[in-house]
Each structure stands twice: as structure tokens, then as C-alpha cells.
Amino acid sequence: MSSIVSLKRVAKRYQRGKQTVEVLHSLDLEIEAGDFVALMGPSGSGKTTLLNLIGGLDRPSEGEVSVGGQRIDRLSGSALARFRARHIGFVFQFYNLMPMLSAQANVELPLLLTSLSAGKRHQHALTALQIVGLAERAKHKPAELSGGQAQRVAIARALVADPTLLVCDEPTGDLDRKTADEILGLLQLLNREHGKTIIMVTHDPKAAEYAKHILHMDKGTLAPQAVA
Amino acid sequence: MKYLPLLWASLWRKKLRTLFTALSIIIAFLLFGMLQGVNNAFNRTIELSNVNRLIVISKIALTESLPFSYTQQIESLPGVARVCYQSWFGSYYQDPKNFVFAFPVDPERMFEVYSEFKLPPEQLEAFKHTRSGAVVGADLAREYGWKIGDRVPLHSTIWTRKADGQSDWSFDIVGIYTVPSDRSQENQFFFQHEYFDEARAFARGTVGWFAVLIKDPNQAAAIGAAIDKLFANSQNETKAQTEKEFQMGFLKQIGDIQFIVTRILIAVFVALLFATGSTMTQSVRERIPELAVLKTLGFSDTRVLLLVLAEAVLLCLLSAAAGLALATALFPKLKNMLQVVELPAEVVFAGLGMALLLALAIGLPPAWRAMRLNIVDALAGR
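So the sequence lines, in the order shown, correspond to chains A and B. The opening residue of the first sequence carries number 1 in this note's numbering; numbering runs sequentially from there. The opening residue of the second sequence carries number 1001 in this note's numbering; numbering runs sequentially from there.
Isolated chain A, as found in the complex (with noise of 0.2 Å):
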């Protein structure tokens, strides 16, 4: 299989105050198409920040990152912004939804930046809901959800524009056992059947059970450990 994401020789630095701190240390990582990631670490291992690279949320202070194909390092702030909506799915820990919007609405959301008709962004949000089993709850605002429907929400919203990857920032880290083991199910299913890439933060050992693969960070850099 082909590596959907690449980073080479990846450095990120920052400025606190008049201390310049290196979060990631020379990291290498291949993740192949298809591939469900878990990666786990302790607070401050640099987990956040590889992912924000990955998602093109930041950008390297050294290195190339480059997902599908695509060096996404070097692209303009515009260029990576099409590059997030055509690419990437993203999943927060606290959901993200827009407070005022429908449940159906907020998974829209990412399809106003396409050219699609109000009919076909309608439908393609409904069908998004049927598969993470919430289209009974479309008209819904996250209010009036429970917080694992909140999730398949955002999940939901995530996979509307069909993205290349989907990136989880700790989905289960605000929820119950049950409704941790169901979204991680969905995740799971989502990766088996549909085939989405998955790369999956977290600090739950059991979460990362659901993953093909996890990878351990430890102070800015990786140890690869094959899961069964």
C-alpha cells in the first residue's frame, strides 16, 4: 500500500516568551491509506502538534509534510485552507459544534465551500447522519443531544465532503465508557467498510485498541508498536 501521509525529518518549534521550545524532534512518519492510527503519549509528548501538521492546522519549522500525495508545508494560508476542506476530516475532543445550527446544519457546514445546490447539500448531510445513525435527529440543535450524538454529529460533519483523512483529536475524551466504545465502534466501522484513513489521538489504552496501528510518542518523538 502507499503512504497517504509522509512527514520527513519534521522539527516544530515555539516561542514562549524568549525561550525557543522544540516540541517535535526530527520525526519521521509513513501512515498508509486505509490505516487506523492511535496515537498515544503522556501530556506535552508533542501528540496535539504532530496532528495539527497532519491536519494542516500549523505549519513545520523544519521538514516536509505531505499528505495524499501533496507537499502541504509550503502551501499559502488560502492553499491550505482548500486543502483542509477538500483532505481532511476533523473530530474534537468537546464536539465543535455550532450551538445555533441544526444537527443537520452543522454537518452542511463544510459543503457551503463547494458548488454543490442547497438540494444536494441536504441530501449528502442526511445520508452523513444515516451512516453515524442520527437522521431522526437532524433538525436537532447540539443542545437537545446527548454528548455521544453530539459526536456522531461531528463525526458526521467530518465525512460529508468524503475527505482523504479523517483526524481525531481525543473523540472519546469527554465521553462515557458505553458511548466512548460505540463512537470508537463507528470510527472502527467507518475505517473497515468505507475505507476512510484514521489517525486517532488519545490516552485511553482501551480506545487505541480499536486502532490497526498505535504509535507512542514520548518529548517530541515516535515509537512505532504494531497492534494485533
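Treat the hints with caution; some may be incorrect.
Just a few of them, taken from the derived set where beta-carbon distance is under 7 Å, the chain B residues facing chain A [said to hold, decoys possible]:
hint: 1; residue: 1297
hint: 2; residue: 1301
hint: 3; residue: 1375
Bear in mind the hints are in silico, worked out from the structure with no lab data behind them. Glycine included, C-beta positions come from ideal geometry on N, C-alpha and C.
Fit chain B to the known structure of chain A by using the hints.
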């Protein structure tokens, strides 16, 4: 258009706050419409002044009467085509709030000097030959449901009748005039000076002012000077001026309307700018994580800037349109004071232009901030 539901939902995220902000804009633009409308009406009065007419008043004050005998003397001057005279009757119909702009006139002279006032010939004939006859503007007739043949009582706040000492006067409507070039003039009430002069208890043989039709507008200054010279050192010295100068002077007596209106509106809009500006800034600040999510989904920096700006434009334009619509509905109520019929369209367009400027002023700073938002920092709550 596809962003409209998103904009609308964002706008009403905090309903009460948006409602109060919208109300403050509505009230500001209602005020703008009314004040600017008044200003516009005054300016229009000056603009529509006839260049062929001079107004001759007492040198002492507008309220001082002049001898009726001046009519012939002025008319005998070279360059003068015709002279008519009027007096301020100061009256109302049935209720003091129903103020009526009524003037005793010479029928023939009046409609010659004010040729833009159109009265059918048979009605003019009836006016000339009916001592208690009156002609009224079409708008005034419409307002009170008057028609030819009606007997109308007016109560004067100045003039009493010699016969009974009463201030109630009765007139028979014999004509209805129109002014196609300026509908706002169709709210006046003219009646026979001769009837008035004979019946009034005091000041007989006098008139309020003269309107002088001249043959050549280029000679206005010279003819005006000749009129004043004619009555110099008499008991009743005159002040002749063009109709435009007269209107400007008259309005100046009320005050410098433009100056007052401008200062009031500046104060209102500066207050509005601070109030709505801080609300808009606060609203965007509260939504920083949401704006960061939009960027995460692929909305570019420019698109986020335009979304925030469009929200301000939507709020300001809709609220201003509501305020101006309210002003348009209420403005005709000022008819009795201003002789204006409706809020001029240019005031509405100027208001909408102001609303757009206001939207840019209050929307641009938070929109700029939203555009420069760093996604990673915003999502991390930094």
C-alpha cells in the same frame, strides 16, 4: 445567498442582545429619517423658490404690516409685471391641532403672480365673485374631505371680526387648486382679502407682505433696491428680497436647521457606533472557537472576514431599513408643520448609505481579528 442561514443563525445566537442592538439602530435611523427629512424639506422650499418673484416685507419685522396702497406704487416701477399681497391669518379647523395655512389674497393677482398654482378658469371666476369664497389646495381638501360648495369655519388666533368680536370666520369653498410642480404646496387656504379687510376688527387697509412678479430675474437686485428706495424715510420702510433670500431668512429665524440636525445626528451616530461596535466585538470574541472551527473546516481567512462583516451589514441594513420605513410612515404626520407630503427618497437612500458605513465601521475591527485568528491558539483557548 447560501451563507444567509449561517449568518442569520449567528446573528440571533443571543436573541435579546441582537434585539436591543437592532432596536437602537432602528431608533437612530428613525431619528435620522425624521430630522434629515425636515432638513430636506426646508432645503427644498429654498430650492423651489421662484427667481422671478421678490418678497417685500416691513423693514422692521415680518410681523409688521404694510399699507395696502403700496400695491399700485410698486406695480408702477419699471420691470415689475404684477404685484399680489397676502397676510398671515393664523387659523385652525375645529381643533387647534388642525392648523391651516390660510391667507387672504386678491384672487386675480394671486393666481397671476403664482402661476404654478393651477385653478380651473370657472373656479377662478367664482372666487373673484364670491365675497366669502375660498380656494383650497387639493391635499388640504382631501385631508378634511372638503369639496366645492362646502361651508368651512376657521378659527383665527389673530383676527377678530368687527361685527361680533368673535374669531370664527366662515368661508364657502368655490375652488380646489393644484400645484403639479410641487405637491407640498397643495395644503393652503386662500380667501378674499376684500371680505377679510372689511370684516376684521383692526389693521384695516394693511397687508402682511407683497409678492412682486418681475419681468427679468437678472434685474431682481435693482428692482428690489428701487422698491426699498421708494419707501425710504416713510413710516413703513420696506425690505425687498428675492423669494429664495426671503425663504432662507425665514428659516434662519427658526434656527440654523442644517447645523442643528447635523450636530444631533453626529451625537446619535457616535453613541450608536460605540454601543453597536462594542456589542459586535463582544459577540465575535465569544465565538472565537466557532470561527476557528470554520477555519478548520476549510473556510479561508478572507471568507471568515467576509462572514463577520456580512453579519454586521445584515444587522445594520435590516435595522436601518426598519427605522427608515417607520420614518416614512410617520413623516406625513408633520404635514401641518412643514407643508411636506412624504419623506424624500434621497433621505431613505442616504440613510441606507449611512447604515452601510456604520456596518463597515463596527464590523471591520472584529472581522479583521477573526481573519487573523490562529486556529491552533484559538482551539487551545489561548
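Checked hints:
Residue-level restraint check for residue 1297/B holds (minimum Cβ-Cβ distance to chain A is 5 Å; threshold 7 Å). Interface restraint check for residue 1301/B: the shortest CB-CB distance to chain A comes to about 6 Å, inside 7 Å, so the restraint holds. Proximity of residue 1375/B to chain A holds as hinted, the smallest CB-CB distance being about 5 Å (cut-off 7 Å).
Violated hints for the displayed structure: none, as all numbered hints are satisfied.
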